[in-house]
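As you go down the protein sequences, you meet chains A and B in turn. Okay, so the first sequence: first residue is 13 according to our numbering, each after it adds one. Okay, so the second sequence: first residue is 1087 according to our numbering, each after it adds one.
If you're looking for bench data, these hints aren't it; they were derived computationally from the structure. Ideal placement from N, C-alpha and C gives every residue a C-beta, glycine not left out. Treat the hints loosely; a few may be bogus.
Unchecked claim - Under 7 Å between C-beta atoms, here's a sample of chain B residues computed to sit facing chain A:
hint : residue
1    : 1151
2    : 1430
3    : 1431
4    : 1434
5    : 1472
6    : 1473
7    : 1533
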Amino acid sequence: MAEYSTPTSEPEFDANFAQLKPRMNSSEALFESSRCLFCFDAPCIQACPTGIDIPQFIRQINSGNDTGAARTIYEANYFGNACGKVCPTEVLCEGACVYNLQDVKPIEIGRLQSFATRKAIEEEKPLMAPGIPNGRKVAIIGAGPAGISCACELRTLGYAVDVFEAKAQPSGLTVYGVAPYKITNEEVLAEMAYLQQQLGYSVAYNAPIRSRAELQQLEEQYDAIFLGIGLGKTSTLGLPGEDRENCVGAVEFIEQLRLNHHGTAVGRKVIVLGGGNTAMDAASESSRMGADSVILAYRRGKEDMGAYEFEYDLAKGVGVKGLFHVAPVEIMGNGKVEGIKFIRTALHEGQVQTVPGSEFIEPCDMVIKATGQAKQTEFLGLIEGLKTDGKGRIIADERTGQTTNPQYFASGDARNGGAEVVNAAAEAKATARGIHEYLSK
Amino acid sequence: MPDLSINFAGIKSPNPFWLASAPPTNSGYQVMKAFDAGWGGAVWKTLGVPVVNVSSRYGSVNYRDKRMMGFNNIELISDRPLSDNLREIEEVKKRFPNHAVIASLMVQSRQEWHDIVRQSQEAGADGIELNFGCPHGMCERGMGSAVGQEPDVLQTIVEWVMEVAKIPVIVKLTPNISDITEPALAARRGGADAISLINTIQSIVGVDLDLFAPYPIVDGKGSNGGYCGPAVKPIALNMLKNCAQHPGVRLPISGIGGIETWRDAVEHILLGASSVQVCTAAMHYGFGIIREMTSGLEQYMTDKGFHTIYDFVGKALPNVLPWEELNMKYKVTANIHAEKCIGCQLCYTACEDGAHQAIQLNAGTRVPEIIEANCVGCNLCSLVCPVEDCITMDRQDDGTAHLTWKERTAAGDIPTEFNDEKAGGRHHWVPEPAAALGKEKHKTLPGKARQYPSAAEVPTTQA
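Next up, chain B with everything else stripped away, as it sits in the complex:
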């Protein structure tokens, strides 16, 4: 049985799954329920001077029939009195001494930071997370992402906190910045023990077509909110990688952003996270999803022979390189396994219109054929194919040659002029532009209704 427990910058937790600072951690009731269900830790909904919220607060991005692919909110930090929150933190810690309770904090003055850090410690919190990420409502008041976007200010506040902190301090970073490593480095300079990322992304999730207002709508109006949910995972993973690879950061990272299943968690861990935080999935499905997450993680670790989380923290990092260091001699081409093909021809139209015209149709069959000479190995056909393993990308080079852009640059072997012979597409076949006109129009504009004479031959209809 693999060991899921972690010691994150000194914060111990029976598993790496924490609830992120958000509505699911608004109260002791919720956090106790979550721990009861199997969550390893919880970052309390941000404490500070209590706020007043609006109604409504959440908006969603749906994809076809899938709801909440993306999610945003315009809710602020805790609207409950500090003393109520601290009392409940104390109660939770008494009942769950081995679980991680982290107090998320957001205040303004040095004195306020000193006071709230001390009070959190006294309440028994295992750690502190500084909310420098909230991208709406609080930043306009000089807090949240307004701090996260100013590395110097961030560093100063971290220093204030470290003056009194006796428990580990995590700095939560905002993604609403060009280079996430700048605030990460500032956090390290300020003396923080760890970082967590990403907070939500400034967003408008949609516009109501009838009310002409952005979601969520408050009395016919709306505001930008903070974006999260499955859709943001790719952005989170990239920023996580940037911080984990930066030689100056060297801090434990709590990964946040789009984690809904054990797979998402493993991806964060492979790119350097040693704890993960979840919010949207818990808001969508409730605390019960933790069972799938822990069971999936355990099974994965068993299958891979990992004994602890630390056996694979950052394991994918060495394989994430700058583009210029990728092997240009590596060559794959698409291979359609005809016996699996169901003839949807999505690969054909994708390659024909969206890529490199490297798939052709043949009479008498709906199974498309790869034009080997034209296939650049882009993957598009295999990505759109609805059948598992029907289109594989098979290696064509023998694996012996290795040449990177960096090496070619050093050797002076790169295109430098507009019409350079070394242009990558120079010797790649491209159809004549006019060959596109009328091509397969009956297929791209199907339906016998369109096969009748053109509209000009039909009398115009009366209104």
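So that you can see chain A by itself, here it is in the shape it has in the complex:
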């Protein structure tokens, strides 16, 4: 394989992780926006969780009103640029474009969206403003897509908003978890600064809320508390040898990659366990980091994978090989990872069953587990009356986002179990309205 050599500098890293959706110049934006049919009751709008009026912003770009286009986007979605870059547009707006039914390339909505929003960000166009202070205060735990979207919307409604973030930077997985070829750290942080500069919420970084005492303090000082805490670390598999060196969780691996870029250590032969989108990202990333071989191991068949087809195509495109119908039995090695013992599986009436006697060892020097993230069950247990469902997801009112403890509201991965940035942005904006409704009673 080795289509990519291991990057040793920032330019080499950037070359290996070239943006999948590069920025449009104004000519390209003019040509692409000219192709839009401006459908009635456009399917792209319906396919967007935040319901951006897409034909409207495309028409605005086409008529030379880029600022108006950015306004249309931000009215619906505070993560306007981020979503243009990281949304699975292939299955959302662009997947719904009527051109698909004509076997014509759909409009590149994501790139047009980023064209307009990045211009507004760079030109510091004032598109939002806080509402008249209403004297109420809301605390937000977590500065991810949910937390920041909720903060923005609450500010427009006149609330004082303090965000508490455990990490050193805002935007959550947008900067810590999304594949680097989807968005750069610089543009993520530029959008976060743009929002905060206009709307004026405060963010405390490296300020995790962990204890009952800290929650108690928030409960006393704030009228409402919003939980945008996302998910926890990669779940453990409970396999022998899982603690060996170079056996890592995908989320942790990707975070290192986003923070350290070419400074991240990657094995020569990597096996990624899992069949979801995070597995595809981790596999692609390992390959782009110069691994000699990358195997994606999944216990069911290719067609059963949770990942979007285009994500698997991306991984295949950089040389990732699939290994299907296998389940890991043991992480082999002597201190360091040296291989995985797998057993073959077969489906019987929809159930995965192992095939006795089919064990084999696949050598490798790195294992990346992309087998789901744990819920923050322990932390949530500190909140009085807060209930979770059987999968550990926070139970909240669908419309208002209010949890079973009326002072607490929730959105994003902690509530939906793990979805896209755009889902968190949509839910949190609605939840801010729910908080407003609750506090206006």
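Based on these hints, arrange chain B on the given structure of chain A.
Here is chain B on its own, set in the frame of chain A:
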């Protein structure tokens, strides 16, 4: 192989494609290059007393990402000395004896006309075109369209020219007039051999939103110019038809206006042109476009079994009638071919808001449905539909009945009172006005951003 050659009022040319009198025919260099590329003829940039031009000179109308849908200029006639132009005409004719070189002329006095016509003939021009069309700069000096707009003056000047002309004389008409046939008839009365039309249309192509000045801008100011390019073809075709159908005109016509492809040329020919002139397309894409034009024309003629251009000159003219002679019994209605529909619903919103509320949406599908009883057969839905042959206009009458407005008028069978029972829309269903209020507002004003409570419930933002 069809024969593309023409004999236009005595001017022979290997094909009907001529460059119009304009910047592409400013010099012998350009005309030779054009003939080398395959153009059949060229009308030289208008000769007269040399002018002095301004900078800048051209403006453009763009449509979305398409540039130069329309084009205008404030350039005047040739700014080169007459002797230079005549010498180059002579040189071109020596090199290309079988190609058509027509001298476009614009002067004032009878003596000047006599002199310049004679000199053009001596230089070897195959014909003369009298520029009575230029709508800017020259008309203020009593030339160009100032002549074209005064049939009597036009006729007099044509008569002066015919006193000395030994080669065919074409009169180029301005469209900046109510009835183009009036100057056409004057040209015939004056003895002209042919007419050409249209010259450019007086225009302002746009206004700069920052400088508050019309394009093209000359030191912060602008002036009206002459409009041409693809956008003017419909106006040209109509004026061409008017002259070609008029029983008093009966002159060969060189069609000009919006010709960029072979199709445009064929349309001009079908409405009566027997040569065509091109300018904007050559200014946009260069002389090389002639290859597509001749190849397309040849293929069309082969497909249709036409041997010469004259097999189809004016072939569409019998089918262009006054409105009152159209068959009112003919009835088409729209038919949406569901298997081709991509669900953009442009037809729905067009018919709903822009026509006759004859398309409805049904739950569970994005394919709209025609309300047969309401469809007046206007074509709008089929025009906005982005998919080829998805909406067809299908004939509903059996083709046996024929009744025109003229016949109905003669029979006394037309509405004559304000609330006449015979009103065309009398028995056509129209929704109640108030049914429009709030209808599908979530679709016409989409976006979840608008689904939140109305602005009144949200505190006003600080400036």
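Here is how each hint holds up against the structure:
1. 1151: holds, 4 Å
2. 1430: Where the cut-off is 7 Å and the nearest Cβ of chain A is about 4 Å from residue 1430 of chain B, the hint holds.
3. 1431: Given a least distance of 4 Å, the restraint on residue 1431 of chain B holds.
4. 1434: holds, 6 Å
5. 1472: holds, 5 Å
6. 1473: holds, 6 Å
7. 1533: Hint holds; residue 1533 of chain B Cβ to chain A Cβ min 3 Å, cut 7 Å.
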